[in-house]
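Those sequence lines, one after another, are chains H and E.
Numbering-wise, the first sequence is residues 1 to 385 according to UniProt numbering.
Numbering-wise, the second sequence is residues 1 to 199 according to UniProt numbering.
None of these hints come from the bench; they were simulated from the model.
All values derive from a computational prediction rather than experimental measurement.
Check each hint, because a few of them may be wrong.
If you want a taste of the chain E side facing chain H, the calculated C-beta under 7 Å gives, among others [unchecked claim]: (1) L25; (2) R56; (3) L88; (4) H91; (5) I168; (6) V172; (7) F185.
For lysine-lysine, the following PhoX-like pairs were computed, each having C-alpha atoms within a straight-line distance of at most 20 Å [to be verified]: (8) E:K142 / E:K96; (9) H:K354 / E:K130; (10) E:K145 / H:K354; (11) H:K113 / H:K171; (12) E:K96 / E:K130; (13) E:K96 / H:K354; (14) E:K96 / E:K2; (15) H:K113 / E:K142.
Beta carbons: idealized from backbone N, C-alpha and C, even for Gly.
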Amino acid sequence: MSHTITIQDRTPEFRSILTQAQKSLARQRKPLGSTPQHSQPLLSPSASSQNGSATSTPPTRKQRSEFARNAAGIGRGIGATMGKLQRLAELAKRKTLFDDRPVEIAELTYVIKQDLAGLNQQIGALQQLQRRSGTAGGGGGAGGKDGRGGGSNSREEGEHNKNVVLLLQGKLADVGANFKDVLEVRTRNIQASRSRQDNFVSAVSLQSQQQQQQQQQNGGHLDAARRTDSPLYSTTTTPSRGRSPKPPGQTSGAAQQDLLSLDPSSTSALYQSNGPTSQQQVQLMEEGTPSTSTYVSQRGEAIEAIERTIADLGGIFGQLAQMVSEQSEQIQRIDANTDDVVDNVDGAQRELMKYWARVQGNRWLVAKMMGVLMVFFLVWVLVAG
Amino acid sequence: MKLLYIGILRNEDKPAVELCAERDLSSYSRFTRTSVGEFMSLFCRTVAERTRPGQRQDVEEQSYTFHAYARSEGVAGIIISDQEYPALVAHQLLSKVLDEFLARYPRSAWSGSKAGEGCPFPQLKEYIVKYQDPHAADSIMKIQKELDETKIVLHKTIESVLERGEKIDSLVAKSDGLSAQSKMFYTQAKKQNSCCTVM
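One chain only, chain H, in its complex shape (with noise of 0.2 Å):
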C-alpha cells in the first residue's frame, strides 16, 4: 500500500441536506397540511399514514429522522474507523527495526476490530428498520385511500432507504478490505524485520522460513497478527537484541532454567524446535514463537492431514464409479443373451404347436400308417412262416 486512503468525510453534506429536507417538509406541511411531495429524503412509514393529520407530523419528523440519525451515525462511525485504518497502515508501512510500536499496532487492530463489528450490527439494524418501513410504507400507501401520491412516496422512499443501506454496507465492505491489506502489509513487514534480524544469529533460517510458511498460511487472518506480533512484542522486550545473543546468563535465561527445574526432562514444546544444543543461541529470538510455531505448524498438520484423507476419499470414488461402469457393460450382454433365450424359446413353441396341431388333424394318416404296418407284418409272417 504506496498510497494512503483518501476518505472523503462528506458527512456535513448529510447534515444540510437533512436539514435542509426536513425545512423544506416542515414548509409544505404548514400550507398543505397533507401528503408531501415526492422529494422527501428518508420518508419513514407513517408519512403515508398521518394523511391530513397535522397532528401527527412530529412522529413523522421524529421516526424519519430516527433513519437519517441512524444513517448518518454509521457513517461517522465509518469515518472514524477509515481514519484509524489510515493511522494503523502508516504504523504497518514503517519498516524501522527498533522503533516499532506492536502495543499500539495491537490496540489499534482490536479497536478496529470492534469498531467493524459495531459498524456491522448497526447496518443490520438499520436494513431491519429500512425493510420494516418499507413493508409498512408500501402496505399504508396501498391501503390509503387519498391516492395522491402517497403510494408512490412509500415506494420511493423505500427505494432511497434501501439504496442508503447498500451504500453503508459497500462502504463498510472496503473499510474491511484495507483493514485486511494492512494487516497483510503488517505481517510481511514483520518478516522482512526478522530475516534482518536473522542475519545477526547463525543457524535460524530454517526456523524463519517455518515462520514464513506459518504466516503465509495465516496470511489476513485477524488472529494471526495478534499472535505474530506478541512475538516481535517478548523480543522488544528482551534488550539485547541487537548485539549477538551468544552469551548465556541473561534474564530470560534464567526463567528458561527455572521452568527447566519443573519439568524434568526436556521435552517441553520449548526445545521441541530446535536441538537442545542451539537453544541458548536462539532463545532470545524465539521465546516466543517456538510455542506458537509448533502450535501452528501442528493445526497446519493435522489440516492437511484432512487434506490428504479428503483427496483419498475422492479417489475412492472415483475407482468406484469406473468399476461400476465396467461392470454395465457386462450387464448388457447378459440382457441380450436373455432375450437370445426368449426368442429362441418362443420360435421352438410355436414349432412344438405347428407340430402337435398337425399330429392333433392326422388321425386318419395315423390309421393308415397302422394298417400299413400290419399288412407288412402280416406279409412278413407269410414269408418267414
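Given the coordinates of chain H, work out where chain E should sit on it, guided by the hints.
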C-alpha cells in the same frame, strides 16, 4: 484422556491471581481432593507467572501436562490434563476460552489490584465436561474421525462391488449357456417339423 482443570489467571504482576477455574477431580478419592485442588492452583499460578505474554507452553510434571497460553492483555489460560490429551486440542480450547472471557469482561473487570474471584464464567464447566473426549469435541479431530469412518465404509463398498463383479461374471456365463441351449432346442423343434412331412 482426561481434563482435570481449566482456569484463567491474571499474570501481569508477580503473585498471579486466579480469576476463574473449573476442576474435575472425580478421579481422586474424597480425602485427597482438596489437597490436589490446592496443588493445582499453586502450580497454575507458578506456570502462569512464568509464561510470558504471547507465549504458549506445555509443561510436563509427574504424568500431568500443563498447557498454558498467555495473552498480551495480561491474562493466561491454563489447562491441566494427563499426558495422552492432544496438545493441539488443549491449545485450541485455551484460545477459545480466553477469547470468550476477554469479550465478556473488559480489562477493567479484572485488572484491579486484588480483583480475585469477581468474574464467574460458567461456560468453563460446560467446556470441561464437553472436552473430556477430545475426539468428539474438537472440530478438527471430529472431522478426521468422520473422514476415517467414511473411508472404511468406502473400502467395504469397493469390496462388495468386486463381489458383485464376480457374480455378474458368473451370470454372464450362465446366460451364454442358456442362450446356446435354447437355440439347440429351437433348431431341433424345427427339424421335427421339417422331416416327417409325409405323415
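Quick rundown of the hints versus the structure:
no. : hint            : verdict
1   : L25             : violated, 21 Å
2   : R56             : holds, 4 Å
3   : L88             : holds, 5 Å
4   : H91             : holds, 5 Å
5   : I168            : holds, 5 Å
6   : V172            : holds, 5 Å
7   : F185            : holds, 5 Å
8   : E:K142 / E:K96  : holds, 17 Å
9   : H:K354 / E:K130 : violated, 82 Å
10  : E:K145 / H:K354 : violated, 70 Å
11  : H:K113 / H:K171 : holds, 15 Å
12  : E:K96 / E:K130  : holds, 14 Å
13  : E:K96 / H:K354  : violated, 89 Å
14  : E:K96 / E:K2    : holds, 19 Å
15  : H:K113 / E:K142 : violated, 30 Å
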